[in-house]
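> Hey, can you work out the whole structure from these sequences and the hints?
As a plain string of letters, each chain reads:
Protein chains: 2
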Amino acid sequence: MSESPPDSTPHSEVGVARQPSRLNIEDLSPSLSAGRYPVKRIVGALVEVSANIFKEGHEQLAARILYRPANERRWRQAPLFYEYNPDRWFGRFRADQLGRWQYTVEAWTDHFGTWRRDLNSRLEVGQNVSLELLEGALLLEQAARRLKGETAERILGAARQLADTQKSLDFRLAAAFSEDILHTVSAPLLEEEVTRYTPVHELVVDRERAGFAAWYELFPRSQSQRRSVHGTFADVIRRLPELAALGFDVVYLPPIHPIGHSHRKGKNNATVCEPGDVGSPWAIGSELGGHTAIHPELGTLEDFRHLVRTAGDLGLEIALDYALQFSPDHPWTKEHPEWFFIRPDGSIRHAENPPKKYEDIVPPNLWCSERKALWNACKDVFEFWIEQGVRTFRVDNPHTKPFPFWEWIIREVQRDHPDVIFLSEAFTRPIRMRALAKLGFTQSYSYFTWKNHKRELREYLTELTTTEMSEYYRPNFFTNTPDILHEYLQRGGRPAFRIRLLLAATLSPVYGIYSGFELCENQPRHPGSEEYLDSEKYEIRTRNWDAPGNIKHDIARLNRIRRENPALHSFSNLTFLETNNHEVLAYRKVSPGNQLMVVVNLDPHRRHDAHLHLPLSELGLSEDEAFDVEDLLSGERYRWRGATNFVRLDPSERVGHLFRLAHPR
Amino acid sequence: MSESPPDSTPHSEVGVARQPSRLNIEDLSPSLSAGRYPVKRIVGALVEVSANIFKEGHEQLAARILYRPANERRWRQAPLFYEYNPDRWFGRFRADQLGRWQYTVEAWTDHFGTWRRDLNSRLEVGQNVSLELLEGALLLEQAARRLKGETAERILGAARQLADTQKSLDFRLAAAFSEDILHTVSAPLLEEEVTRYTPVHELVVDRERAGFAAWYELFPRSQSQRRSVHGTFADVIRRLPELAALGFDVVYLPPIHPIGHSHRKGKNNATVCEPGDVGSPWAIGSELGGHTAIHPELGTLEDFRHLVRTAGDLGLEIALDYALQFSPDHPWTKEHPEWFFIRPDGSIRHAENPPKKYEDIVPPNLWCSERKALWNACKDVFEFWIEQGVRTFRVDNPHTKPFPFWEWIIREVQRDHPDVIFLSEAFTRPIRMRALAKLGFTQSYSYFTWKNHKRELREYLTELTTTEMSEYYRPNFFTNTPDILHEYLQRGGRPAFRIRLLLAATLSPVYGIYSGFELCENQPRHPGSEEYLDSEKYEIRTRNWDAPGNIKHDIARLNRIRRENPALHSFSNLTFLETNNHEVLAYRKVSPGNQLMVVVNLDPHRRHDAHLHLPLSELGLSEDEAFDVEDLLSGERYRWRGATNFVRLDPSERVGHLFRLAHPR
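First to last, the sequence lines map onto chains A and B. 0 is the number of the first residue of the first sequence in numbering that gives the first Met the number 0; add one for each residue after it. 0 is the number of the first residue of the second sequence in numbering that gives the first Met the number 0; add one for each residue after it.
Just to be clear, a hint being listed does not mean it is correct.
All copies of an identical chain are treated as equivalent in the list; a pair is satisfied when it fits inside any one copy or across any two copies.
In silico lysine to aspartate or glutamate, DMTMM-like type, Cα no more than 25 Å apart, as pairs [stated by the list, open to error]:
#1 K453 x D482
#2 K355 x E134
#3 K371 x E192
#4 K356 x D276
#5 K356 x E123
#6 K371 x E58
#7 K355 x E58
#8 K356 x D169
No wet-lab data here; the hints were simulated from the structure.
Okay, structure coming up:
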């Protein structure tokens, strides 16, 4: 069994140039899983593209980026160049609109440019070039055949000039070295000589708030200021001005739908509820409606729309929870039992993780035979809330639903609504969390909550900011959630809350707090638990938002600093600085004209001193030069000199510095 | 424009599971460019395979490797398991025959295993499992439908046993927990529930000598012992016993074909030759024949076959040069001018790199319109010499010919002759050298010759042994070639030759010398040149192979040590050791039961002392334990203790130690 030499060239299928291929294009960047998944950017970003482009021998190559919004037919073009290594080519394009984009690169041999370069080398050593001039004329004639009208005539004229042995060498060479001629014929001579990289890669371009936002999570039913009275959307509206003043961008609400009665959970997750218990909002659906209905005690759909509008007027955005789980009372369980798991006795299977049972909810069967209808119904839920003005969804436990389902539904929703943001609330193993981010989630919860020591923070942030993850994983650094009150907060008192706030707000451009954090609430259900005592998940909690010891001043100040300093708007512009104290973490955030250095005492209990080592050359400073830094948290200014500077942080007074270099180079 | 939910799942094309996909398979290893290029192994190797395999939720998965020689239809299977991380699966298979192999992995949900695990959890806490038993029975009934005859009956029987409410719980559970039942139904229940990774990956399995061999390069015409008399194959045959005794495995001959007359190069690459000048053997072809002819002064085809047979009897193998370049006198230039570049005046273009001209050779036009015939003719050259018993080819300057041509021709030749070895003689930029190795060359020349300082050697060897390159790039560490006499050898005298020999022979399992090296020949054509004075490329050189100062004792000893120590048969089992002297390089080579440590003084001019730091725990030694090492070069034994040991190396006496740990753990 033998194969003939190919008419074109040996075939190739993935990650390489399409056929016929007379040169190689490999290692395209950016690229995830050989183009299987899109990389992510924020609108307006310059997308830096590079690739290995090479062939045998010494000929000159030319190459360009092809790119387009996915819904356009015509490719846009941007040039590729090499720098010192002729095999690695670089270029860039601006992603100036939301949505999915495509890009690839193509390359070809620059025959005329090669000929001209070689001609020049020959002339420099005085070789006879009469044959070369004829060959140049042939190249131009070939090029002219692809061109039309006046342009073709002009190139043909140059060919004749090159070939005219009656004329002087200088006259003939003028045609060879005309920049206009070179420019006109530098495009590929023959379509089939162009090598295009396949597969075409994808890019998802999100709006600014996908990459920079401060989130605040609250339970609407807890927003009444009257004890044990069920809060309403009107109560939430009353809180919005304060949240806007604190500098938040997104207000995220747990599910706002009717709550089931069957097996409703009682206070502190009791398996049997007491009369009057309000139940978990994640047990979605009752005879009053399902995922597109509103819990009547919160208000009406019109009230909700009013909330969304009022928030918008204040520069705030309402994010909803999207939880694909169902109370046994949810209308779909009656209307579409085929969308659920039916047991041999005809009952619908409730959620469980054997031997644990979650009888207040039932999961959908997303691979059921009626899955087309089910998936479309799930999509319609998104469409419904988008219709009400919602553009951000926090998706509950996506790792318990099929990954292909999410890939499909996110692509579908974003096709018509490229401004929609999906936050993945998957707390699971790393590979699955990364997979959800890769397949399309705009943002992802992270392990930040559990990274409290210096080495942990450095390792985790280094992974997030310096590996391939930075192409697709946008973490949302929540300091706490209704499910996670970390021991560090339980034991560290107010300083611990201030420390974690400073870290979250400066390490990640997207961060959030769950309400109560600003009051330093830190009572676990029991020792060793990360659950809150008297958790809002199961009951109404009213609070005095101005209670003594609150850290709202910190929050407002940090959110203002974040808005004013572009270095805090990006994620991977992070580098760690060395200190000689393992409780003192220091890092640098840099953007053009904005140099920040953050120093944090990670120990909420004790004062720590440290020598901070600055990379002077990277800061543009010489060894003996004085320079000014301003602590944006306190307003104090310091004059420093040299690479090593002393800091002292007493957490009872201040937990860290956020220095800005006064005159950044 | 909207898409319906897929009947199966969202499509995917590369680097991921084929459809329909209910679970994810990603990041298959080993993998080069998403499967575009094959990885390489030596026959008999265990191929370690791993992949990320995961889906939503908590179900148990099962997975296996599929693998087969590329010419077999039926997949072989090997199991995959996970260790601590349930999302990363590992397995292995043995590549027990030469040639191209294919492999991929597939995975599915283990429904019955999941059900059994959950049943067990429920039983442990005393839950009622009556519905679960009926569900288990349904799973077994489904499985039985896929099975036949007695097996199907047995599974149906178990299903009935599980479902039989008249029987005791214990009796029914016996069917649930039967290992035989589990084993029988653990294969995927439904074909469409199996997810298979695509694209199928390839593996090239080479014979042992592709991965472990000592090469010796000689010019046959220089092998006569009579001054200026043209050597013959008979002269080469007379040298074979000595080369066998020195421990070489491969004897590589520059081209043995008729040499052209037109523009023949004179001594020392003079552009005009003198009468009697023999010319460069790389100017292939004359009226006496081309690539399948033998230069008459060397002998006949039968003489050559005799040489190949005699070498074989001595355990030696003859490697030929494959140089796709043509003297203007080559028969193909007359028979097939269409295979060359024709100039406007009808002449054939000679080789050049403007303004340099190489008028004694013409390159083929491998993209000419008659390329099918040309490529086949090029392949026939290989086939001709394979017919004569040759199985190893050193390919001259492959980076000047189209890469797709090499990919095609290597695959074609190896399809019928999987034992053929191709060595790429590309000294060019890194990306192109790597590309040639990726597309199929068995071995590659390397930058080793130019890496003489400690940091250079560490950096280069670290790249070769610890990056993706170790999957496809097998360097052949030549100490010198007819084109490369490095300044280090020119200036370092005999110690320099001994140092480079020790490095080449112990750093790489495949290494070589070009004859004259053993005599420490070190005269460049002129200062600053890497060319030899009076190079054999252009004239006959007779030598006294026993001249004083020769290092044949070193060569014989090192080649024996190499054969006796398995640690020197692998490449990426290298780790560097720390010394406190930047002229003293130390490294470790390890294989089961064989622990070697090499210490080399890189300075040929001066004695150096160093403290060598040993990684005791990796050696299986405690801090205060005495251990014996034997210097395999000198036979001396030393008793050492602790992590730091002193070495003194005077290059006029010895250039290095090659220690073997006496009792490796």
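> Between the shortest in-copy and the shortest cross-copy C-alpha distance, which are at most 25 Å for K371 and E192: within, between, both, or neither?
between (44 Å within a copy, 18 Å between copies)
> Please sort K356 with D276 into within, between, both or neither, judging by C-alpha distance up to 25 Å.
For K356 and D276, the Cα distance is within 25 Å only inside one copy (20 Å; across copies 93 Å).
> From the Cα coordinates, with 25 Å as the cut-off, is the pair K356 and D169 best called within, between, both, or neither?
Intra 91 Å, inter 24 Å, cutoff 25 Å: inter-copy only.
> Is it within, between, both, or neither for K453 and D482, if the alpha carbons may be no more than 25 Å apart?
within (24 Å within a copy, 55 Å between copies)
> At most 25 Å between C-alpha atoms: does K356 with E123 qualify within a copy, between copies, both, or neither?
The answer is between: 14 Å across copies meets 25 Å, while 85 Å in one copy does not.
> 25 Å Cα cut-off: does K355 pair with E134 within a copy, between copies, both or neither?
Between copies only: 18 Å across chains, 81 Å inside a chain, cut-off 25 Å.
> Using 25 Å as the alpha carbon limit, work out where K371 and E58 are close: within a copy, between copies, both or neither.
Close across copies (23 Å), not inside one copy (54 Å); limit 25 Å.
> Treating 25 Å as the Cα threshold, decide for K355 and E58: within, between, both or neither.
between (68 Å within a copy, 15 Å between copies)
When held up to the earlier numbered hints, the structure conflicts with none and fits them all.
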